[in-house]
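Visitor: For reference, the chains in residue letters:
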Amino acid sequence: MRSYLVRRLLAIVPTLLAVSVVIFLLLHSAPGGPMAVYANNPNVDPADLARLEASLGLHDPYPVQYVKWLGAMLTGNWGISYKYARPVGGILGERLLATLQLVLASLVIASAVAVPVGVLAATTRPALQRLIGSITMLGVSVPTFWLGIVVLLVFSVKLRVLPSGGMATIGAGFDLADRLWHVAGPAAVLATLEIAGWSRYLRSMLLEAMGQDYIRTARAKGLGEAGVILRHGLRNALLPLITLLGLQGGRLVGGAMITETVFSWPGMGRLLVESLAARDYPVLMASFMLMAVLVLAGNLLADLSYGVADPRIRLD
Amino acid sequence: MKSRSLAISLAILALAAIAPGAGAQQPKPGGQIVHGSAQEPDRIWGPVTGRTVSGEISQLVNASLIEINDKLEYAPSLAIEVPTLDNGGISKDGLRYVFKLRPGVKWHDGAPFTSGDVAFTQTVLLNPDVDVRGRVGWNKIARVETPDDTTVIFHFSAIDAPFLDRVAALGILPRHILGKLSGAEIKAHKWFRAPVGTGPFVFKEWVPGSHLVLVKNPSYWKPGKPYLERIIYKIVPDANALLNQLETGDIDTRLRLVNEHVDVVKKLPNVTLVSTPSIVPWLLWINQTGPPFNDKKVRQALAHGLDKERLTKTILGGHVTPAWQLLPPVSWAYAPTVVHHAFDPGKAKALLDEVGWKLGADGVRARDGKRLSFEIANIAGEQERIQVLSFIQQQWKQIGVEAKIRAVDVGQMWGNMLPKRQYEMAYSYTGRLPDPDMSTHYLSPELKPTTNFAGYANPEVDRLLLAASGTVDRAKRKAAYQKVQEIVADDAVYLFVYWLNNNTALNKRVQGYKPAPGYTEFWNADEWWVTK
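The listed protein sequences derive, respectively, from chains H and A.
According to the numbering used here, the first sequence is numbered sequentially starting from 1.
According to the numbering used here, the second sequence is numbered sequentially starting from 1.
Just so you know, the hints here were simulated from the structure itself, not pulled from any lab data.
Glycine is no exception: its CB is placed at the ideal position from the N, C-alpha and C atoms.
Among the hints, erroneous ones may be present.
To be verified - Among the chain A residues that face chain H by a calculated CB cut under 7 Å, a handful are:
| no. | residue |
| --- | --- |
| 1 | Arg43 |
| 2 | Gly209 |
| 3 | Asn244 |
| 4 | Glu247 |
| 5 | Thr450 |
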């Protein structure tokens, strides 16, 4: 187990390096650059643009810029945002916290709804199974931005039961009920896709599990059908969901950007979009690296928890 | 005595009767508004950002020596009067500007505002370690003199005719906070995220991604102002969400609505819409450094082939007016008589025939085996732009011209294609200052204009523009600019399409808003008030 962990952790290093090179090249080869937006500004002349680019080190050759960035990153210096002239770490910290709240809330909703729906979809009458199947298919297909707009129109504009956006009532101070009220809409929208996807996954895993020998054994022991499904079937069917959860790591940073924009949620996804528009390289590099780390860490955690959850799997 | 006071009372009554929406309503102090903005400021001082939103907050917190009002005129602010040739504030040779400062003004932290702050601000603009975006104009100042606490004298090495525009856009920096710091320390200083100013509103907090809070400055130099107790500047990145929030009353004010939202907002019972033409035109940039657009007749033909009246009435819903030149009708140098290459497809076809572009079998004109076909670069993402360009495309097809729309991103357009003239035609609006100087767009490329993306070169225009920006005599400048407008209109250098409208939505409880064409909508925010 320990040697497995060491091997996996060591493998992360070259992966991250490769990711950083690819992202660096992609960002820098996109046309324009951070100062391009000022070309339409009558107060800024080409000499000013050249001076600003030089002061940001953008006139260095790419390898020099990359090595400078890597060296700073390794010493814990994530750079200064071009746009905000503030250390990147602080900016990411604020936004990450907001996204974390949103994604956690959506995971809670998704888990709470997806498991019963999945079980029902696998075990109920065929007609009802087909109905659930159609509804979840709809849930997978509906675009997030559209769902978000509809939720806002119905629950905020027409019914006035949900806030029209944001993370908290402005000027109200911290209030848990207020926070939950604000997170409900975006978290539900974000959870829709998970609920639909996970429950379909769970259904097929459960159907497969219910055909196994141990289920027959459990039934032969005289266990009730509910006990068979929940204690023997479901526990085995849940295993693949661990992998799905592990993959959520990357979403912490980038995946919620559409929902965040529609619901004015001050999170990472929006920061990423705005930083892309401004070509704010330090923020972008740090965000993408963070995303890569979270994806890798999520995968590793998923693999490790497999070993714990399933005694047949031994990591060494 | 009695009759005089009666006359005054009558005059006041008459004024009250004609003032729109006035009547019994007196401005009432107190209350707050929530302003909705799709964009978030980056740093709250104009010279280090260039973003409109940052300039807006800066305007509320951080006063300037003078301001620009709703008629594009200069008005006093921290200076007690606007320097002119007539009042002696500007010297005859145009190389010296004297500003008399308002005595007794205090920074929000209580420190006195003095001429030293103004002089210090100018040193920051030129400090090589501070990442000021543009220094155009400021680098012509030879020295700044502060003979006493309320007098500032700018001495120029060369005339900078639009100088007052720059002064109006410049928030003064507090020397007592930043004065002893190095350039690098100033650049990273928290003042730019939490400014201490002299303006009508005091900066209170900024929650990134969410909102900013500004509160009333109790010791503002205008007695009794501002009326509002608080302005919340709320960041709502999605345009539809902004519309929803106008309807629910979660936001009270919203600037620069896109045209397609104008009709929606007009139907909201709780919202007033104020639409005024801005000084910013939408245009087609035409690269005339090579064929086919180096031929002025081809450019004129394209202009004749476009029905701007119909475009603005149909696609743009009649909310905007066609544009024919760079200067807006509200500008003091506007030339009303320039030639309009108005819609006339017959003339367009004749012009193209005349210069050898003959109609081919495929319906597209050609000359020497080359088809009259080109790309219009357009920044992707806005439906309205595509609609406008499709309209233009269809119209030009009628005269045998093939235009293809090419989607590009902001960086590509402004970083590469336009500045390096690596394009054929491109669609965008163009940034303008209130001053009518047109050197940016029409000076020959070797004189290094900032935005002559057309590559247009005309010695006569150069001579007129340099003469106009080399004097502060408004009559002489006006004559030169009118001549320039006539020449470039005839040359069809750019194809202007329509005037960008400033569409402002206001909840009906908000009073006192006066539209400003120069992108300075908050210029009179100290006079805004709310009914409840």
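Visitor: For each hint, tell me whether it holds in the structure or not.
Guide: Right, here's what the structure says about each hint:
no., hint, verdict
1, Arg43, "holds, 6 Å"
2, Gly209, "holds, 2 Å"
3, Asn244, "holds, 5 Å"
4, Glu247, "holds, 6 Å"
5, Thr450, "holds, 5 Å"
The structure meets every hint from the earlier list without exception.
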